[in-house]
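Participant: Chain by chain, the residues run as shown.
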Amino acid sequence: MDTIKHAEATPDLPQPYAELGLKDDEYDRIRGILGRRPTSSELAMYSVMWSEHCSYKSSKVHLRQFGEKTPPQAADILLVGIGENAGVVDVGHGLAVTFKIESHNHPSYVEPYQGAATGVGGIVRDILTMGARPVAVMDPLRFGPADADDTRRVLPGVVAGIGGYGNCLGLPTIGGEVVFDETYLGNPLVNALCVGVLPHDRLQTAHASGEGNLVILFGAKTGGDGIGGVSVLASETFAEGGPSKRPSVQVGDPFAEKVLIEACQELFERQLVTGIQDLGGAGISCATSELASNGDGGMHVWLDRVPLRDSTLAPEEILMSESQERMCAVVEPARLTAFLGVCEKWDVEATVIGEVTDGTRLTIDWHGERIVDVPPRTVAHDGPVYERPLARPVGQDALQADEPTAERLPRPQTPMQLRATLLAMVASPNLAGKGWVTDQYDRYVLGNTVLAQPEDSGVVRIDEASGLGVAVATDGNARHVALDPYLGAQLALAEAYRNVATTGAAPLAVTNCLNFGSPEDPSVMWQFAEAVRGLADGCQTLGVPVTGGNVSFYNQTGDVAILPTPVIGVLGVIDDVARRTPMAWGDEGDVIVLLGDTRDELGGSEWARLQGHLGGRPPRVDLEQERQLAQVLVAGSRDGVLTAAHDVSMGGLAQTLVEMALASGRGARIDLPGTASAFVALFSESSGRVVATVRPSDEARFARACAGHGVSLTRLGVVGSGVDASLGFTGQFDVPLADLRQAHEATFPSLFD
Amino acid sequence: MARVVVDVMLKPEILDPQGQAVQGALARLGVAGVASVRQGKRFEIELEGEIDHQALDHIAATLLANTVIEDYAVHVAGA
Amino acid sequence: MTARIGVVTFPGSLDDRDAQRAVRVAGAEAVALWHGDADLRDVDAVVLPGGFSYGDYLRCGAIARFAPIMNEIIAAAGRGLPVLGICNGFQILCESHLLPGALIRNDVRRFVCRDQWLRIENARTAWTSQYDDGQEILVPLKNGEGGYVADDDTLDRLEGEGRVVARYLHDNPNGSYRDIAGITNEAGNVVGLMPHPEHAVESLTGPTTDGVGFFTSILADLVEA
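Chains as they are written, first to last, in the numbering used here: chain L, 547 to 1299; chain W, 843 to 921; chain P, 104 to 328.
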């Protein structure tokens, strides 16, 4: 047993710190902090808490910008900002909303079902920890090519895992993405977002204070999940009759989390908790060190009191275990009986494992022997901070110069060619109908889902009396980011912001999941730095603060990093969900208009990708114009002027029109904007554009509103009938809706059934 | 300690989509000659003291198996 | 006097609050019932809601059916108390033998959430009197273990006695034998239904309001009683 005493007695014992991911200077720093060598338990704690995943050591210096550049609006709406488990924003009526997005990429490649399932479980617990009731989830997913064997291994498992876990928790899945690109072959991205609601006075924080207060571990028993490399520390006990494998994948039990959610709601309602933290990465080490570090005293833990699923686990393994569905609460002794009563009602195991002490240390005993004695701040918050070298990639100029001009990449010209291109694109995996995936998710549970995929944003009602609701959208076009990380990140932000406004909600706050390659690669680090800078500047200009998020590095195979993929989530508020704007066209005769300007901007577009091309500049981004456009959309929704709206993004105007027509079952005759070629009009991905429908009697009024905000408006046509419906482009071609539907809906079943 | 194993299988006439899925997967893995696959459940129960066969049968019939759609078999494991 | 409809919450129940909302939309008082209490609190009817009680461990509804409240419900149903089991509730009713047959894994082996057309084939039960015989309704369906199975004798008897309450239309989403979406017991007071009428009571959040009929039927039934 490597106790403190033993560590003091054997200062020169070699320790496998390098195998645990610590550098020489980091190991020396730990020795300096403690004034001796660390015990194996302490070494385990530092190694995991100082890992990239837990400490954000490569990203911290860049992420600071979100705080430094926080827009003035933040002060009015932020109840909790960056740094806590999730950000919390005020939405009025005494209610607050908390939301966050996280990644679970590598585990989902290893074990798709459980990786995705535990990803959902983890983000839901982060939201729960803030004192909220989780009310919705969204899943931005990115896979390798749709017809790759490995995609057929990973995708069905991931989708089943998300559904299996989220459905069983009783959380509606209201949106997400499914994107295919060869860059993700071998490195799928599984990001999960959760939204929760709480009355202001129920806000919880992760801090341990009040000498004598009890530290209670509750939820599932602790087993060997996710221990992975830490087992190297336990090698001497390994041989003695333990299970033959220490799994590196966590296995989730959604029922355990469901009862945990219900138990927590009662604990919050009855104010039985003074601090609470969920156990995610680095399990007990993280929860105890963070609670202690955030608090105003110290903490003592009796590790042998932790309920175990596997009695052969060594203390180092218990500290590192990532067993799911566990929480850690700080409770006043007077409230202990009530706390345990709530847990018993829901059949949730709860054990006092420690107490808040005076002093400043986190101490942990194992059967009466001290094995950990550390200053918690040094574990949880004062980890290493790296200033990684950045270098603009040598090939970046050439990449940007390689514009997909008509000379470089032959474009379809004739009506027949354009028609064939449209049908091919509508059927391509990135643009095809995603029902095969989304029908595996429950969208109805809780009875408050007003809009769900494939609508522009997911909208849930959060207050039945007033109709108050929130809208959430996620976007992240990695190809744009690869061409120009600064602008690409702003484009992603603009798209999510626009998607929220399109449904009639006023954008309020931002979360982000930054999926990149290795931070040890200066090109990747440059992409990261630029993307963060673009995002921070963009949020400042748009007036929407970043409230929290997640960084996932090391998404690469060998030396080849994924395309930089910052996924941006925007949350908005809608005063009355009954006024939301859906994407299905309004009645026959409603006028179809295009808001915003179309330019020849195919750089990073889906059309170019289908020709095997990535090059040029991404579309221009005009954040002030996006702000004006959003105001028009929100006002139009509130005033009941818009009968439908849908944003223009991947696939261009053609895709937007097809999706609106199919959703409504009605066709239209479209006059393409005359300023550009038909090809550009149909497939360019210029930003800041939305297609909307208005009643003929409201057309003039709406046009005036747009003009007042400097938003250009182009009349495209009128909504046609649902009988023998077809989508036609004047002077070009017609396609029957039935053919479009066939193309749009056949792809996923043919790939994955 | 006495060890009892209860095997529970869907009745032959009940559709078994999971068994069919396994059969399909075997074919895709290139395994030939598999006529059918049925998927069931196995319960391993350790009992303190003597085995009461009637009680075991009751447990199997009322809880471990849904006799509307499942058959069960109780085996006492070797000492 | 307002009718009082109990909605049971088991550990893992998910659509209990939605069922309570549907009861209120219909004009009755929703009474929350706890699985662990052998106390029906004098309600006039009971709804067993959808969800994953006990995580669907062992079999869907297999553990919930032994809950203390279920003993009360089984006895009361025998005395004529109207009981509606939705989705997981239907599974619990079958496991309790209040209804014949069983529910197994969807034949497509995937969870299916979609808006489903049904035909109401028995508008004489306590829960369907506000519908017309043969009426077609659109309500959400969402389950992974929704395949209704029973032996041929049972199926023939159900058909022969008019005890099929609802049938899937257009296409069968889960492999249920004879496209059966819902059935009733001999007395017509216990009904099990796979799809979710409680999610079709508000046009804002559901595909239609076709589901309200289940809840207004029980009110009408109680008024007459």
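Hints in this document: simulated from the structure, not taken from any laboratory. Treat the hints with care, as some may be off.
Per label pair, the in silico range of CB-to-CB distance [stated by the list, open to error]: (1) P853(L) / P854(W): 49 to 57 Å; (2) A903(W) / N174(P): 13 to 21 Å; (3) D1133(L) / G130(P): 17 to 25 Å; (4) N174(P) / Q896(W): 17 to 25 Å; (5) D893(L) / A178(P): 55 to 63 Å.
As a list, the in silico DSBU-like pairs of lysine-lysine whose alpha-carbon atoms are at most 35 Å apart [what the hints assert, rightly or not]: (6) K551(L) / K883(W); (7) K603(L) / K569(L); (8) K569(L) / K551(L); (9) K603(L) / K883(W); (10) K603(L) / K615(L); (11) K569(L) / K606(L).
To give an idea of the chain P side of the interface with chain W (calculated C-beta under 7 Å), a few residues [claimed, not checked]: (12) A205; (13) D210; (14) R213; (15) R217; (16) L307.
Every value quoted in this text rests on a predicted model; they were computed, and no experiment measured them. Using N, Cα and C, we set each Cβ at its ideal position, and we do this for glycine too.
Participant: So, for every hint listed, does it hold in this structure?
Facilitator: Hints, one by one, checked against the model:
no., hint, in the structure
1, P853(L) / P854(W): 49 to 57 Å, "violated, 43 Å"
2, A903(W) / N174(P): 13 to 21 Å, "holds, 19 Å"
3, D1133(L) / G130(P): 17 to 25 Å, "violated, 33 Å"
4, N174(P) / Q896(W): 17 to 25 Å, "holds, 22 Å"
5, D893(L) / A178(P): 55 to 63 Å, "violated, 25 Å"
6, K551(L) / K883(W), "violated, 50 Å"
7, K603(L) / K569(L), "holds, 13 Å"
8, K569(L) / K551(L), "holds, 25 Å"
9, K603(L) / K883(W), "violated, 48 Å"
10, K603(L) / K615(L), "holds, 20 Å"
11, K569(L) / K606(L), "holds, 18 Å"
12, A205, "holds, 4 Å"
13, D210, "holds, 5 Å"
14, R213, "violated, 10 Å"
15, R217, "violated, 18 Å"
16, L307, "violated, 36 Å"
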